[in-house]
Amino acid sequence: MKRILVSNDDGYNAEGVQALAEALRDIAQVTVVAPEVNHSGASNSLTLNRPLSVRRTPSGDYYLNGTPSDCVHVALTGLLDYRPDLVVSGINNGANLGEDTLYSGTVAAATEGFLFGIPSIAFSLTEKNWPELEAATKIAVQIVRHQLANPFPAPVLLSVNIPPLPEHHWSSLRVTRLGRRHPSQPVIKSANPAGEPIYWIGMVGEVADFAEDTDFGATSQGLISMTPLQLDLTHYKQLNQARSWVELSNA
1 MKRILVSNDD GYNAEGVQAL AEALRDIAQV TVVAPEVNHS GASNSLTLNR
51 PLSVRRTPSG DYYLNGTPSD CVHVALTGLL DYRPDLVVSG INNGANLGED
101 TLYSGTVAAA TEGFLFGIPS IAFSLTEKNW PELEAATKIA VQIVRHQLAN
151 PFPAPVLLSV NIPPLPEHHW SSLRVTRLGR RHPSQPVIKS ANPAGEPIYW
201 IGMVGEVADF AEDTDFGATS QGLISMTPLQ LDLTHYKQLN QARSWVELSN
251 A
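For the sequence shown, position 82 (counting from the first letter as 1) is numbered 82 according to full-length UniProt numbering, and the numbering increases by one without interruption.
Hints may be right or wrong, so weigh each one.
Derived BS3-like pairs (lysine-lysine); straight-line CA-CA distance at most 27 Å [said to hold, decoys possible]:
#1 K128 to K138
#2 K189 to K128
#3 K128 to K2
Keep in mind that the hints were calculated from the coordinates and are not lab data.
Can you build the whole structure from these sequences, using the hints too?
Structure, rendered in structure tokens:
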């Protein structure tokens with residue numbers, strides 16, 4: 001039987017991860033290792049300034065007092081006595097589109113699995129509070145089942161965003177690229193009870209690129225967006241420009 005490691009960034013008791021893990025148990029051996037509390041926006045951070053504690057729920061799920069990346073890292077390097085066939089993260093409470101994937105703890109949990117050479121998939125519902133979670137869970141299981149039966153030739157990192165509809169079909173799945181947003185809104189300045197300034201991070205920026213082949217474009221049409229991600233941040237087109245810029249100092 002195939003074995004799947006499940007995590008998320010909303011916390012181990014969140015509706016999305018509980019529904020997904022329960023459904024996946026029909027097709028695989030599932031182990032949940034998730035954060036104790038919500039870590040949305042944690043990105044790929046690891047906790048290095050304190051030890052991490054692992055606890056277990058009555059149902060057998062594991063939870064850590066750390067980030068999503070911590071959870072997958074600890075699971076793969078010390079907690080589990082086996083190597084999973086797949087790492088699955090989600091179902092997230094809200095979308096992870098465009099540049100949001102850089103900040104997403106949901107995507108980060110999947111990324112950690114991918115860094116260890118394990119195929120990994122991040123699932124997100126594009127609206128808050130998990131509307132139509134049952135339908136989203138069913139299509140997520142279909143995608144996982146397909147990956148287990150027909151794996152990519154090399155480890156893959158996928159970000160899947162699912163619109164909240166009462167039913168989904170495989171024909172509604174679109175392979176997309178990441179769209180883009182305008183810069184985020186300014187921070188919101190306030191004051192604490194002592195009169196000291198405090199700041200709230202502002203709202204995300206408006207969508208700048210929502211062409212049909214983007215994740216924004218697909219989900220806005222009620223389609224499921226699946227984007228293969230890579231971790232090589234090298235700007236290859238600027239390599240020669242950078243070399244020329246360095247050579248200017250020798251002129």
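Right, here's what the structure says about each hint:
Of the supplied pair hints, the one linking K128 and K138 holds, its CA atoms being roughly 18 Å apart against a limit of 27 Å. Taking the CA atoms of K189 and K128, the gap is near 25 Å; set against the 27 Å cutoff, the hint holds. Of the supplied pair hints, the one linking K128 and K2 is violated, its CA atoms being roughly 31 Å apart against a limit of 27 Å.
Hint violations for this structure: number 3 only, all remaining hints satisfied.
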